[in-house]
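Visitor: One letter stands for each residue in the lines below.
Protein chains: 2
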Amino acid sequence: MSFYDATVPAFLQILGSLSGILEKTEAHCKAKNIQPEVILSTRLYPDMLPFARQIQLVCDFAAKGCARLTGSEVQSTPDTEKTFEELRQRIARTIDYVKSFKPAQFDGADSRDVTFPVGPNNQLTLKGQQFLSGFSFPNFYFHAAIAHGILRHNGVEIGKRDFLGVR
Amino acid sequence: MSFYDATVPAFLQILGSLSGILEKTEAHCKAKNIQPEVILSTRLYPDMLPFARQIQLVCDFAAKGCARLTGSEVQSTPDTEKTFEELRQRIARTIDYVKSFKPAQFDGADSRDVTFPVGPNNQLTLKGQQFLSGFSFPNFYFHAAIAHGILRHNGVEIGKRDFLGVR
Chain A
14 MSFYDATVPA FLQILGSLSG ILEKTEAHCK AKNIQPEVIL STRLYPDMLP FARQIQLVCD
74 FAAKGCARLT GSEVQSTPDT EKTFEELRQR IARTIDYVKS FKPAQFDGAD SRDVTFPVGP
134 NNQLTLKGQQ FLSGFSFPNF YFHAAIAHGI LRHNGVEIGK RDFLGVR
Chain B
14 MSFYDATVPA FLQILGSLSG ILEKTEAHCK AKNIQPEVIL STRLYPDMLP FARQIQLVCD
74 FAAKGCARLT GSEVQSTPDT EKTFEELRQR IARTIDYVKS FKPAQFDGAD SRDVTFPVGP
134 NNQLTLKGQQ FLSGFSFPNF YFHAAIAHGI LRHNGVEIGK RDFLGVR
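Top line first, the protein sequences correspond to chains A and B. This note's numbering runs 13 ahead of the 1-based position in the first sequence. This note's numbering runs 13 ahead of the 1-based position in the second sequence.
It is worth saying that the hints were derived from the structure and are not from the lab. Among the clues, some could well be false.
Treat identical chains as interchangeable: a pair holds within one or across any two.
Quick list of in silico lysine to aspartate or glutamate cross-link-like pairs, DMTMM-like style, CA-CA up to 20 angstroms [stated by the list, open to error]:
#, residue 1, residue 2
1, Lys-173, Asp-73
2, Lys-140, Asp-18
3, Lys-173, Asp-60
4, Lys-173, Glu-94
5, Lys-37, Asp-60
Build out the structure end to end from the sequences listed, making use of the hints.
Guide: Right, dumping it as structure tokens:
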């Protein structure tokens, strides 16, 4: 197995499952006559980020993770999505981007240095494997699970099978 | 980098951070005169699992993940913890167990078959890398993040740095 196998499929699994969860959430809102903005702006606590921002961060941690590990240009994506459909498009574009990487780009990336921003004023350099295990994955899964938790807390009928993308 | 490097440090990071979060939560309960049982039994939604069970599952996904990947005996741990201190002890025992694995036990584990239960009546066989990326990690991080979300939703003053274990 290659380092690509340890990276890209993990991101694609959860990005795909989140897209399915967004479909179920949109259907839930229609059925219950809930304005989509209510869910998109819902937080688990006032100083936490709202649902839409959690999804944008999941996309960013996947896309920027792959870019940094492969030494590619790290693109900045404006966070403009205001509907479930726009969030699904953001996820779809992220999936396309993550799929555009070739396995060979990840060869040796586990032991290459990756320098990345932590907070607004600091940088950190880690080996690729440590960047993936210690920063990229925990942040990626954190925001995906918090997004899931926001929906569950608001009564959307999804479960862990939806989170895992198991049909 | 070895498959051990892709596995054990990731589990240890979050197990360690959760132990720190439990300390902060216990201090919060004391300061606010909150009965620990209230937090330990809190859920984000009535049909979700309570906080204590989320922590037990984080421990199980780490311990059983390492056992299955290395072909070791998969131990079953009774879920008896009723206090923050007992949960911290459960985490400490899990950390000791995960640390007991040797890097060589993971050599080749990424491409070995792992057969594991999914739900009460089914089994699935995947290559070790797919088991880790597609099942073990997403479940492990999911329950850790939901535990974090329960605490944040209840006003415990922790942040993502606590989740990541960054001091």
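Visitor: Please flag the earlier hints that this structure goes against, numbers listed from lowest up.
Guide: 4
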